[in-house]
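S.K.: Chain by chain, the residues run as shown.
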Amino acid sequence: MPFDTLLGAWIATGLTLFILSFLYEDNPLFKVAEHLYVGVSVGYTIVKAYDTVIIHLIYEPIVKQGDWSLLIPLSIGMLMLTRYVPKAAWLSRYAFAFIVGVGSGLAIPRTISSYILKQVEDTVRPLASMVPGDGLTFSFNLLNPASNLNTIIILLGVTSVLFYFFFSVEHTGAGKAVARTGILFLMISFGAAFGYTVMARMSLLIGRLTDLIEFSDPSYGRATLWLAAVTVAALVIWARQRREQPPEG
Amino acid sequence: MTFAERMLKIDRRIIFAVIGLCTLLPLLYPVGLPIKVSPEVRGVYDYIESLPPGSVFLLSMDFDPASKPELYPQSIAILRHAFRKNLRVIVMTLWVTGTGLADQVISQIAQETGKVNGRDYVFLGWSPGAGSVIINMGQDLYTTFPVDYYGKPTKELPVLEGVQNLRDVNYAVSLAAGNPGVEAWYVFGKDKYKFELGGGCTGVIAPGLYPLLRSGQINGLIGGLRGAAEYESLIGQKGRAVAGMDAQSATHFAIIVLVILCNIFYVSLRRKQKG
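As they're listed, the protein sequences go chains P and G. Position 236 (the first sequence) corresponds to 236 in my numbering; numbering is contiguous. To convert, take the position in the second sequence, counting from 1, and add 249; that gives my numbering.
Be aware that a few hints might be false.
Said to hold, decoys possible - Derived DSS-like pairs: lysine-lysine, alpha-carbon spacing no greater than 27 angstroms straight-line:
| # | chain 1 | residue 1 | chain 2 | residue 2 |
| --- | --- | --- | --- | --- |
| 1 | G | K401 | P | K48 |
| 2 | G | K364 | G | K334 |
| 3 | G | K334 | G | K258 |
| 4 | P | K118 | G | K441 |
| 5 | G | K258 | G | K285 |
| 6 | P | K118 | G | K443 |
| 7 | G | K487 | G | K334 |
| 8 | G | K334 | G | K285 |
| 9 | G | K317 | G | K487 |
| 10 | G | K521 | P | K64 |
| 11 | G | K258 | G | K521 |
| 12 | G | K404 | G | K487 |
| 13 | G | K317 | P | K31 |
| 14 | G | K404 | G | K443 |
| 15 | G | K401 | G | K364 |
| 16 | P | K87 | P | K64 |
| 17 | P | K48 | G | K317 |
| 18 | G | K401 | P | K64 |
| 19 | P | K48 | G | K404 |
| 20 | G | K364 | G | K487 |
| 21 | G | K285 | G | K487 |
| 22 | G | K317 | G | K334 |
| 23 | G | K285 | G | K404 |
| 24 | G | K258 | G | K523 |
In short, the hints are calculated from the structure, not lab data.
With the rest of the complex left out, here is chain P (with noise of 0.2 angstroms):
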């Protein structure tokens, strides 16, 4: 086994362990790894976005290659930083003023079509087909996603849902129940979103005690049962330390 197979193992064991046993109390275990995780995380992003960006985009094709034309992005980028010295933020806006209008250009239209016209018109997509041969047909299957009878629920549940934001009426007679059918569509939703978030939450358990019980092998030294040991005979000495000091004020 390599070194730094094995080293990452045991780190990779130790810092799981020390993020789990939050799951008893807060202690400086749960913090140290915690604090490594925000600290790595930022400086890995920093050493990429310099290298990525800073070296390969900018400095090598304006010395190297000669492409002085990066100077002009380059230099909009470097207002921006003007942020931070009061007397000259206001160059700053020219900058912003920028990205916002190249991004509003590229995103509206495309969210607009995207989002927008191409779920209205999969909303209302005819409730009969007409399929060749069998002429005009209405499928009745719950568990087809092109079936006429879903067109029927979802065309109900958007139209619903819709109303039910809709605050410029008030929501008495027909409308009361247009609106309680879009709460129960709602309900379904957040229901059917949680229960994917429960799984999702589980997969992560599921793939971090898979690693603890990959690294409860001998080939790597046993990392997950000597590290649940540390960290048990820590967060004892912890507690018991905690109890013997006396409390402040």
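Let chain P serve as the given structure and place chain G on it in line with the hints.
M.R.: What follows is chain G alone, placed relative to chain P:
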């Protein structure tokens, strides 16, 4: 204190221990519960299966190590399938923190399947900009990625022969843990450059992507570890995802029982308080 009150005030560490055991025991002693393949996962599989050898397949691994347990098995299964079909694989990522992970998985699977970097696959790495990167790739792949992750000029790579931009990609799959991800690939990619798009995602964002699936904006969706397990079953190479399904079923069963019990205790307590 009644039994219902004691149960509702139970130390939550006992519940943590129950969930932990329900996860750990099936991993140590697997049962092998059957896995039914869903139509949305089959959509991705069938499309890759239908591609002739030499087709250009783009895999965007838009996730970081925090989502590794769900999306890493998906990426392994899809890459194995793509290499088995002898597709020309382009791998990239829109997440800077996912670069190392993407490099690890493509190197591992390429070595396993005997594929050669530059000839059978290319790893482009990361470029800043998310949606802008996709739009740039749609115009010209080589100005967006003049070199690959290892510094080799992309114009000289045999695997990218005939590929000028995203219109030359036969199928793209985005494995996403959030934004940028599947939605960005659709909005800035497929909607504009008209290539076929599939998705893989964590369980958290899966419900938000079903409208895209239903409308045909994406042709398939691999959701979470469960989706990865289904894909592993389809390609006939069971891995970590299938191994985790017993544990997933056990924990879900435990949570359902706990939810039902809590509701029973809560209703009984309310009745007692009213009476």
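S.K.: The structure should be examined with respect to each hint, and the outcome stated for every one.
M.R.: Status of each hint after checking the structure:
1. Between K401/G and K48/P the CA atoms are separated by roughly 18 angstroms; this keeps the pair inside 27 angstroms, and the hint holds.
2. For the suggested pair K364/G and K334/G, the alpha carbons sit about 12 angstroms apart, so the restraint of at most 27 angstroms is met.
3. Of the supplied pair hints, the one linking K334/G and K258/G is violated, its CA atoms being roughly 56 angstroms apart against a limit of 27 angstroms.
4. Under the criterion of a C-alpha separation no larger than 27 angstroms, the hint pairing K118/P with K441/G is consistent with the structure, at around 13 angstroms.
5. For the hint pairing K258/G with K285/G, the CA-to-CA distance comes to about 38 angstroms; that exceeds 27 angstroms, so the pair is violated.
6. Restraint check for K118/P and K443/G: the C-alpha separation of about 14 angstroms stays at or below 27 angstroms, so the hint holds.
7. A threshold of 27 angstroms between alpha carbons decides the hint, and for K487/G with K334/G the separation of about 18 angstroms falls inside it, so the pair holds.
8. With a C-alpha separation of about 23 angstroms, the suggested pair K334/G and K285/G falls inside the 27 angstroms cut-off, and the hint holds.
9. Annotation: proposed proximity of K317/G to K487/G holds, straight-line Cα distance about 17 angstroms (limit 27 angstroms).
10. Restraint check for K521/G and K64/P: not satisfied, since their Cα atoms lie roughly 80 angstroms apart, outside the 27 angstroms limit.
11. Distance check on the hinted pair: K258/G and K521/G sit about 16 angstroms apart at the alpha-carbon level, within 27 angstroms; holds.
12. For the hint pairing K404/G with K487/G, the CA-to-CA distance comes to about 37 angstroms; that exceeds 27 angstroms, so the pair is violated.
13. Distance restraint check for K317/G and K31/P: the Cα-Cα separation of roughly 22 angstroms lies within the 27 angstroms cut-off, and the hinted pair is therefore satisfied.
14. In summary, the hint linking K404/G to K443/G is supported, as the alpha carbons are separated by about 23 angstroms, within the 27 angstroms threshold.
15. This hinted pair checks out: K401/G and K364/G have alpha carbons roughly 17 angstroms apart, not beyond 27 angstroms.
16. Restraint check for K87/P and K64/P: not satisfied, since their Cα atoms lie roughly 35 angstroms apart, outside the 27 angstroms limit.
17. Of the pairs offered as hints, the one joining K48/P and K317/G holds, with about 19 angstroms between alpha carbons and a cut-off of 27 angstroms not exceeded.
18. With a C-alpha separation of about 16 angstroms, the suggested pair K401/G and K64/P falls inside the 27 angstroms cut-off, and the hint holds.
19. Restraint check: the Cα-Cα separation between K48/P and K404/G comes to about 23 angstroms, which is no more than 27 angstroms; the hinted pair holds.
20. A C-alpha spacing of about 21 angstroms is found between K364/G and K487/G, which places the hinted pair at or below 27 angstroms, so the restraint holds.
21. A threshold of 27 angstroms between alpha carbons decides the hint, and for K285/G with K487/G the separation of about 14 angstroms falls inside it, so the pair holds.
22. For the given pair, K317/G sits about 25 angstroms from K334/G by alpha-carbon distance, which is consistent with the 27 angstroms threshold.
23. Between K285/G and K404/G the CA atoms are separated by roughly 43 angstroms; this puts the pair beyond 27 angstroms, and the hint is violated.
24. Of the supplied pair hints, the one linking K258/G and K523/G holds, its CA atoms being roughly 20 angstroms apart against a limit of 27 angstroms.
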